[in-house]
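Each chain, written out:
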Amino acid sequence: MYSSLVRLQNTFGFFTTVAFVIAAFIAASDFASPRAPSVATLKTTSLQVVRGRPHYYSSKKEEYAIIKFSLDANLSSLFTWNTKQVFVYVTAEWPSSGAEGNATNQAVIWDTIITAPSADHLSNLGPASLKKLRKSAAGKSIDPSRGLISLKNQKPKYQITHPSGKIAETQDVRLRLHYNVQPWVGVLAWNQNVDYGRWKRLKGDLSKKFALPALKTKAATTGAAGTGTKA
Amino acid sequence: MADQILDQIRTAVEGQIDFEGQKLAELIANVALSLVGAIAFFVGYLLQDIKLAVWTALGGTALTFLVVVPAWPFYNQNPVKWLSAGKALDLSNLVVNEKAAR
Numbered sequence: 000m001y002s003s004l005v006r007l008q009n010t011f012g013f014f015t016t017v018a019f020v021i022a023a024f025i026a027a028s029d030f031a032s033p034r035a036p037s038v039a040t041l042k043t044t045s046l047q048v049v050r051g052r053p054h055y056y057s058s059k060k061e062e063y064a065i066i067k068f069s070l071d072a073n074l075s076s077l078f079t080w081n082t083k084q085v086f087v088y089v090t091a092e093w094p095s096s097g098a099e100g101n102a103t104n105q106a107v108i109w110d111t112i113i114t115a116p117s118a119d120h121l122s123n124l125g126p127a128s129l130k131k132l133r134k135s136a137a138g139k140s141i142d143p144s145r146g147l148i149s150l151k152n153q154k155p156k157y158q159i160t161h162p163s164g165k166i167a168e169t170q171d172v173r174l175r176l177h178y179n180v181q182p183w184v185g186v187l188a189w190n191q192n193v194d195y196g197r198w199k200r201l202k203g204d205l206s207k208k209f210a211l212p213a214l215k216t217k218a219a220t221t222g223a224a225g226t227g228t229k230a
Numbered sequence: 000m001a002d003q004i005l006d007q008i009r010t011a012v013e014g015q016i017d018f019e020g021q022k023l024a025e026l027i028a029n030v031a032l033s034l035v036g037a038i039a040f041f042v043g044y045l046l047q048d049i050k051l052a053v054w055t056a057l058g059g060t061a062l063t064f065l066v067v068v069p070a071w072p073f074y075n076q077n078p079v080k081w082l083s084a085g086k087a088l089d090l091s092n093l094v095v096n097e098k099a100a101r
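Quick mapping for you: the protein sequence lines, in order, are chains A and B.
Just so you know, we're using numbering that gives the first Met the number 0 here: the first sequence kicks off at 0 and counts up by one.
Just so you know, we're using numbering that gives the first Met the number 0 here: the second sequence kicks off at 0 and counts up by one.
Hints in this document: simulated from the structure, not taken from any laboratory.
Check before you lean on any hint, since a few could be wrong.
As the list claims (entries may be wrong) - The list that follows gives simulated cross-link-like pairs (lysine-lysine, BS3-like), each with its CA atoms no further than 25 Å apart:
#, chain 1, residue 1, chain 2, residue 2
1, A, K202, A, K59
2, A, K60, A, K199
3, A, K67, A, K215
4, B, K50, A, K131
5, B, K50, A, K139
6, A, K207, A, K60
7, A, K154, A, K199
8, A, K134, B, K98
9, A, K131, A, K156
10, A, K151, A, K207
11, A, K130, B, K50
12, A, K42, A, K83
13, A, K42, A, K199
14, B, K22, A, K83
In isolation and in its complexed conformation, chain A is listed as follows (with noise of 0.2 Å):
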């Protein structure tokens, strides 16, 4: 400590550690603060199978699904002061066909980012969107309201396919909710199928089985339905 140089890297040294033992206790604070995330509703409302191109440069036509549903969760309590974002997705899932061995089919049909006040600069919206988002929080620093979703007859945002090209009439569907809490600083997690502690599992995260519909046989099948290509 005999020169200011020394002094001031001696003490950025000890800086840096308090920071890392500060961080620790943060990622650990999570742990303590209970979560008990539950799906009331999540159903299909409109179930549709087309045969066309799925993307706007997909260079083959198949067919694919759109599967429209309605989802009420609340996802509050995964809200802390450690948290950044909660990225929250809804997958269709269905068992393969005996040929095809023991696969669970997964796709992911829409998901969503939602962030935590403190994390609202690093949101993907426009400034008109971000001041009505921070508006919502209305100056608190956590906002776990934040994590209650109601979505109602909500388009997916993704079609999906299967690698055969075929998913016309697949049986035994159904939609889970996933969601993975991103914090600050500490473990990254997503929904567990046990209980953990305080940490609960997701409750009511499956749907209902369901059968995707047949293609519909209308005369005048153009290719991509809703898309600009050429037949």
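Got chain A sorted already, so can you dock chain B onto it with the hints?
Here is chain B on its own, set in the frame of chain A:
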């Protein structure tokens, strides 16, 4: 003239302090940063606000740097008492390498 100014700058930047001052500086740095860390965590945890915790920690650290890094006068209260030049050794009977001298 330029030499003198440069000397002054060098002394100021070097920031030399005596040994007692160094012990004090190290003690202040460790205690202050630990306290800042504890306060920042509890403030953040009780108010459930992580941004506040971060800003508190950074502010407290900046303050600590301000107190510890420059050579403040209170770090120089116990200067080393050097012996005066020429008085320490009696050089009149000093013989070096007695064997070779014979």
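Hints versus structure:
A C-alpha spacing of about 40 Å is found between K202 (chain A) and K59 (chain A), which places the hinted pair above 25 Å, so the restraint is violated. Between K60 (chain A) and K199 (chain A) the alpha-carbon distance is near 43 Å, which puts this suggested pair outside the 25 Å criterion. Pair hint K67 (chain A) plus K215 (chain A) holds up; C-alpha atoms about 17 Å apart against a cutoff of 25 Å. In summary, the hint linking K50 (chain B) to K131 (chain A) is supported, as the alpha carbons are separated by about 20 Å, within the 25 Å threshold.
At most 25 Å may separate the alpha-carbon atoms for a hinted pair to count; K50 (chain B) and K139 (chain A) meet this at roughly 12 Å. With a C-alpha separation of about 30 Å, the suggested pair K207 (chain A) and K60 (chain A) falls outside the 25 Å cut-off, and the hint is violated. Using a Cα cut-off of 25 Å, the hinted pair K154 (chain A) and K199 (chain A) is violated, with the two alpha carbons roughly 30 Å apart. A threshold of 25 Å between alpha carbons decides the hint, and for K134 (chain A) with K98 (chain B) the separation of about 93 Å lies outside it, so the pair is violated.
Taking the CA atoms of K131 (chain A) and K156 (chain A), the gap is about 23 Å. The hint holds against a cut of 25 Å. A threshold of 25 Å between alpha carbons decides the hint, and for K151 (chain A) with K207 (chain A) the separation of about 17 Å falls inside it, so the pair holds. Between K130 (chain A) and K50 (chain B) the CA atoms are separated by roughly 19 Å; this keeps the pair inside 25 Å, and the hint holds. Between K42 (chain A) and K83 (chain A), the direct Cα distance comes to roughly 29 Å. Violation of the 25 Å bound is thereby established for this hinted pair.
Taking the CA atoms of K42 (chain A) and K199 (chain A), the gap is near 22 Å; set against the 25 Å cutoff, the hint holds. Restraint check for K22 (chain B) and K83 (chain A): the C-alpha separation of about 41 Å exceeds 25 Å, so the hint is violated.
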